[in-house]
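There are 4 protein chains.
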Amino acid sequence: MLIVMENHATREQIDRVVKTIEEMGYSARPMPGETRTTVGLVGNDGRVDSSRVESLPGVAEVIHVSKPYKQVSREWKEKNTIVSLAPGVEFGGTDIVIIAGPCSVESEKQIVEAARVVRAAGAGALRGGAFKPRSSPYSFQGLGKPGLEMLALARRETGLPVVTEALDEEGAHLVAEYADCIQIGARNMQNYSLLRAVGRINKPVLLKRGMAATITDLLMSAEYILAEGNTQVILCERGIRSFDTLTRNLFDLTAIPIVQKLSHLPIIGDPSHGTGLRDKVIPMARAAVAAGADGVIVEVHPDPDHALSDGGQSLFPDQFARLVTELRAISSAIGRDVAPAPEFAGAGTAAGARA
Amino acid sequence: MLIVMENHATREQIDRVVKTIEEMGYSARPMPGETRTTVGLVGNDGRVDSSRVESLPGVAEVIHVSKPYKQVSREWKEKNTIVSLAPGVEFGGTDIVIIAGPCSVESEKQIVEAARVVRAAGAGALRGGAFKPRSSPYSFQGLGKPGLEMLALARRETGLPVVTEALDEEGAHLVAEYADCIQIGARNMQNYSLLRAVGRINKPVLLKRGMAATITDLLMSAEYILAEGNTQVILCERGIRSFDTLTRNLFDLTAIPIVQKLSHLPIIGDPSHGTGLRDKVIPMARAAVAAGADGVIVEVHPDPDHALSDGGQSLFPDQFARLVTELRAISSAIGRDVAPAPEFAGAGTAAGARA
Amino acid sequence: MLIVMENHATREQIDRVVKTIEEMGYSARPMPGETRTTVGLVGNDGRVDSSRVESLPGVAEVIHVSKPYKQVSREWKEKNTIVSLAPGVEFGGTDIVIIAGPCSVESEKQIVEAARVVRAAGAGALRGGAFKPRSSPYSFQGLGKPGLEMLALARRETGLPVVTEALDEEGAHLVAEYADCIQIGARNMQNYSLLRAVGRINKPVLLKRGMAATITDLLMSAEYILAEGNTQVILCERGIRSFDTLTRNLFDLTAIPIVQKLSHLPIIGDPSHGTGLRDKVIPMARAAVAAGADGVIVEVHPDPDHALSDGGQSLFPDQFARLVTELRAISSAIGRDVAPAPEFAGAGTAAGARA
Amino acid sequence: MLIVMENHATREQIDRVVKTIEEMGYSARPMPGETRTTVGLVGNDGRVDSSRVESLPGVAEVIHVSKPYKQVSREWKEKNTIVSLAPGVEFGGTDIVIIAGPCSVESEKQIVEAARVVRAAGAGALRGGAFKPRSSPYSFQGLGKPGLEMLALARRETGLPVVTEALDEEGAHLVAEYADCIQIGARNMQNYSLLRAVGRINKPVLLKRGMAATITDLLMSAEYILAEGNTQVILCERGIRSFDTLTRNLFDLTAIPIVQKLSHLPIIGDPSHGTGLRDKVIPMARAAVAAGADGVIVEVHPDPDHALSDGGQSLFPDQFARLVTELRAISSAIGRDVAPAPEFAGAGTAAGARA
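Protein chains in written order, with the working numbering: chain A, 1 to 355; chain B, 356 to 710; chain C, 711 to 1065; chain D, 1066 to 1420.
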């Protein structure tokens, strides 16, 4: 941490900064410059409360040199973390993984059909919400536990691992029981109680960027999960808030190479929420892969015109199939590949297992 | 809801929109214009999933005419809701209320001293965090339940009602036991599980605006609380995310008169978090009151230089005393007044009650 | 300037940074820390192109310690600059000045009536656009030079100094001929050719903050004017772009005390454009004064219902009169006063002077 | 335009809205709904000043149904506009065009070498600034007219058409004399005097999106150019302002498919300014092409370490060559191709022409 003094700061003011730093248990190193003095704080363990120094007289600015996160940093661990949802369905390696499925689980028939359709087209994992965070208390809130059971059925029928959202600690434990990856949505990115809870569960977590979250905020939220012992975290760019209302969110694809430089964790893109518009999902999914994403998560519905939620941003099955073909070509243009769907002995066996 | 067709939309496309609206259970009213047709959806009960219509061929745009919130709206209830934390400490009437106290509860001595100081200067309620949402898992996270006990002690010693934050459902029940108002922080503004939980507790709630929340989002989150039966909600503007990093947040004071027009709920301003800088707290607290806020919540610490958190945005006791004097003058300039501190028989009695 | 090295930066990488700094003509001072080395660049004259160092291998981040502006800074000139439009109409002293008038000059009758109305209510200067920057090429673009002549007439009839916008260099010279202050609008805040042009004209300039401009950007644009020799600059906060569309812009009142700390130039608030809504102009004008603004600029129209532009954000004459009364009370609450209208011998004399 | 009344609006209030619309010369069509009445304004020619209606009593909201732009709209002209800078260097067709070159023209040697390098790697046009809009008045402002002469020389030596920025009307005429395309930078996107000036010059214009500009704003600025008669406009996404300072701007790639749906004008991406960081230029250039951009404009410098401006975001020649190869592969993945460099008889001939 560097404390920049005003250019007419007095000797006493500089001394007081030095003394305060020492009282806080760190060492201070004043560095006189041409026009102003800068005081370095040495020994920062990431717990320094800068606001205390910031308001001392004569201080112009406090500059943070150390990054506030540790375990998520590439300086902490240089090699990519590989997060696996099923054999061959791995995020963070050379292959990119496509997660697809409807916004909400609506019925056994709908989710199983969706799973078959997306598997056939080339998806590596199935998405579908059982607990839905809706901005209106009067909107459809998801099927809850029965929805989780339907997701588990779809997995048995297709072999696709399942990603689904949890809204609170109780829900996280339920999701962990039925699914392969616990999604934390954008609205809960700084719900620290929930982050701690999933940090103590031994399941991969898909952590979505909040609408007002900087990349540093996103990494700090991931740090909460790692700090509790769970290192299986996949990050997800899904659009941030901006001033143009022609799109629901502003899909920040530059975040992808930035996160990959700063952190060892994999990062994927969500063009469905990132844009909110079906005909923008396809170009932006392609752009996410071209930008280097380790995967994409896309809303696909067997019958979007009758979806209970977000129908307008869901792809039709044939659109999704064409998209996968394009993503394969783009992956190969940058030396990567789309991961194949996980091996699967067939619904017969699964059905047998169910019986 | 209005569905604006493209100007070369065909008869068939318009018919399909009409049919879809009817399938959803509403009536459609096509209105041909000079260059394009608009289709009105009549009977909107606030549950229409517009995305389904939005993606039909020939649709240029879907426009929401009805507001998505109901019970928080001034159209639902015309008169101001008055939220009372203690006799005479009322938000939403003519008087404005000043909530003051430290960022975190640190010790019995600190919080009782803070309570005395802010009461003496003119505060109507005490703030202080026992559960702290910190962006780093390694920062001080608050004293938890012992902190709540200290707050209750400070109330007994000064008569000031207490406002403190809850981070999850379990915490909300604890806070309700010890304090007079449950604060939901900006990061949890869309934590719907928590909103529902406090909606079922019979205690006033202070709901802070999220960093990326529009005013409509804030009102929708309040709607979650009212929908569960709790109408005692105070809203709070505390700064939103913007592009200039000279301030921690952008304090959006225009939100105050806007909320007051749209909703019957009281709204206060938080200049401490709204700016993040001590020397901006004073002018911006004045500005909040001049803009019509029903109160302000201000960080004051008996000894800011040694605060465990946010010391740099906490006022010194004498600064706070001067601020209250200025707020009185500004209130009176616009025909309002600062509410007096609640009547209090004295620490002796309270101590007696404790014994 | 400080160059923060990655924590595993090699000796060679640090040496290359040092060498590059020296090649650029500055001195380098490496400071090894606990986990990483920081290299200070000494002798920064504000012309260093940091991008050259930023991309050297091993560099994690470049931090700017010196402010990029000079002459506008309070470190350059400690005392407030006082900008005078007429005797007694001074920005930057104890008194605050109210500039008022219609969005556009529409006719002799309209602008003279507006000038009389706002003078009677307590305004110190008259605003009114002759050159209008409209987002549509098909909208009313202002009366041009005849509009300037009407403004000059209104000044002769009322004694109020006149503020009006220029859109290009040619227009700036015309405005300087007829008016007392050249306004540079938000859209031209970084039109450097125009800034240079008004920097060479000996007239006060009212520089509005651009919609995406940080406070530093605003000060840098003012620096362009001062660098050409014109120090008579009044800054103006008029709302920036944000994500909530309930207001046209987000009125950033915290900018006012921040600018006053960083710069010696006066700053005023424009609540009409800052909010875009008539019933928000009054509370936000009050808030601007409470936040410490050196003045406000408010749209007032003798007959807003028939205004040619921005009628919906213009105050009615009686609303403006009440507002001035409130602003007087708020000014006095913070130890300031509203400047009286400039002395004026009367329309008779002026009319005589005209004859 | 639709005027939504409050749900308790009186008969008189509705009548006043109707009368006001008729006074403005349009027809009004009231549409009673379940809870509120909406009044349609019929005959909107794009000149309606909505603010006049917006502030009438009983009006809740005014909704714009017509788009404010005309000639730039795809509803005005359905087929893509093709803008040609040289034979075969066409924007808006199947091929994508790569514009490359240094931030600033520094010397004959530098710009000719840059032109050769980028042509050899596959660029179709040369960029390079002679007039530079710098945020500091003390920074290098470009070589001016001599810089334009050097660009013309580089064209003679390589056959590449030249794109360069103009900052004012005088500069636009000079640029038109020497170059093949006049660039209007982000800071001047709403400099309407300049837009009108280039609208009257018969040269292609590259119009960059402003930092706070919505897509509608960008199209409205293009409308200014078309309204003066110049239809040869290429739009350019170059990043907008957002809250995360890890990148200089937020590169909004979703703008590309959105503009292509709304307008017939070609649009390209500028990943150099869009990100401000060299190692993000390559992935984001790929992403722009994958999102469907009609071209990219990339900063390449023969020796970035010694560039006079923006060295840190300029690619090294070999990086650029690899990028072109990747862009070819991605173009082909979506059924497009990178346009070949324009045919060129050789420097000899050009040199002859010079003599």
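No lab work stands behind these hints, which were simulated from the structure alone.
All values reported here derive from a predicted model rather than from experimental measurement.
Positions of the beta carbon are idealized from the N, C-alpha and C atoms, including for glycine.
Treat the hints with caution; some may be incorrect.
Just the calculated beta-carbon pair ranges, DEER-fashion [unchecked claim]:
hint, chain 1, residue 1, chain 2, residue 2, range
1, B, Arg384, C, Thr955, 19 to 29 Å
2, A, His306, C, His1016, 11 to 21 Å
3, C, Asp1013, D, Glu1214, 32 to 42 Å
Calculated pairs, EDC-like style, for lysine to aspartate or glutamate (alpha carbon to alpha carbon, straight line, at most 16 Å) [to be verified]:
hint, chain 1, residue 1, chain 2, residue 2
4, D, Lys1132, B, Glu361
5, B, Lys616, D, Asp1370
6, D, Lys1174, D, Glu1126
7, D, Lys1326, A, Asp279
8, A, Lys261, C, Asp1015
9, A, Lys70, C, Glu788
10, C, Lys780, A, Glu34
11, B, Lys425, D, Glu1155
12, C, Lys729, D, Glu1071
13, C, Lys777, A, Glu61
14, C, Lys971, A, Glu61
15, D, Lys1326, B, Glu361
16, B, Lys425, D, Glu1099
17, D, Lys1326, B, Glu445
18, D, Lys1135, B, Glu445
19, C, Lys819, C, Asp1013
20, D, Lys1132, B, Asp660
21, A, Lys67, C, Asp1015
22, B, Lys558, B, Glu445
23, C, Lys971, A, Glu6
24, A, Lys261, C, Glu716
25, A, Lys19, B, Asp660
26, C, Lys780, A, Glu6
27, A, Lys70, C, Glu716
28, D, Lys1084, C, Asp1015
29, A, Lys261, D, Glu1071
30, C, Lys971, B, Glu389
31, B, Lys422, D, Glu1126
32, C, Lys777, A, Glu34
33, B, Lys616, D, Asp1344
34, C, Lys777, A, Asp279
35, D, Lys1142, B, Asp660
36, A, Lys67, C, Glu716
37, C, Lys971, C, Glu785
38, B, Lys432, D, Glu1071
39, C, Lys787, A, Glu61
40, D, Lys1132, B, Glu416
Here is how each hint holds up against the structure:
no. : hint                                  : in the structure
1   : Arg384(B) <-> Thr955(C): 19 to 29 Å   : holds (26 Å)
2   : His306(A) <-> His1016(C): 11 to 21 Å  : violated (51 Å)
3   : Asp1013(C) <-> Glu1214(D): 32 to 42 Å : violated (56 Å)
4   : Lys1132(D) <-> Glu361(B)              : holds (11 Å)
5   : Lys616(B) <-> Asp1370(D)              : violated (57 Å)
6   : Lys1174(D) <-> Glu1126(D)             : violated (60 Å)
7   : Lys1326(D) <-> Asp279(A)              : holds (10 Å)
8   : Lys261(A) <-> Asp1015(C)              : violated (57 Å)
9   : Lys70(A) <-> Glu788(C)                : violated (42 Å)
10  : Lys780(C) <-> Glu34(A)                : holds (15 Å)
11  : Lys425(B) <-> Glu1155(D)              : violated (54 Å)
12  : Lys729(C) <-> Glu1071(D)              : violated (69 Å)
13  : Lys777(C) <-> Glu61(A)                : holds (11 Å)
14  : Lys971(C) <-> Glu61(A)                : holds (13 Å)
15  : Lys1326(D) <-> Glu361(B)              : holds (12 Å)
16  : Lys425(B) <-> Glu1099(D)              : holds (15 Å)
17  : Lys1326(D) <-> Glu445(B)              : violated (53 Å)
18  : Lys1135(D) <-> Glu445(B)              : violated (54 Å)
19  : Lys819(C) <-> Asp1013(C)              : holds (12 Å)
20  : Lys1132(D) <-> Asp660(B)              : violated (56 Å)
21  : Lys67(A) <-> Asp1015(C)               : violated (56 Å)
22  : Lys558(B) <-> Glu445(B)               : holds (14 Å)
23  : Lys971(C) <-> Glu6(A)                 : holds (12 Å)
24  : Lys261(A) <-> Glu716(C)               : holds (12 Å)
25  : Lys19(A) <-> Asp660(B)                : holds (12 Å)
26  : Lys780(C) <-> Glu6(A)                 : holds (14 Å)
27  : Lys70(A) <-> Glu716(C)                : holds (14 Å)
28  : Lys1084(D) <-> Asp1015(C)             : holds (12 Å)
29  : Lys261(A) <-> Glu1071(D)              : violated (52 Å)
30  : Lys971(C) <-> Glu389(B)               : violated (55 Å)
31  : Lys422(B) <-> Glu1126(D)              : holds (11 Å)
32  : Lys777(C) <-> Glu34(A)                : holds (13 Å)
33  : Lys616(B) <-> Asp1344(D)              : violated (49 Å)
34  : Lys777(C) <-> Asp279(A)               : violated (45 Å)
35  : Lys1142(D) <-> Asp660(B)              : violated (66 Å)
36  : Lys67(A) <-> Glu716(C)                : holds (11 Å)
37  : Lys971(C) <-> Glu785(C)               : holds (10 Å)
38  : Lys432(B) <-> Glu1071(D)              : holds (14 Å)
39  : Lys787(C) <-> Glu61(A)                : violated (20 Å)
40  : Lys1132(D) <-> Glu416(B)              : holds (11 Å)
Against the hints set out earlier in the document, violations occur for numbers 2, 3, 5, 6, 8, 9, 11, 12, 17, 18, 20, 21, 29, 30, 33, 34, 35, 39.
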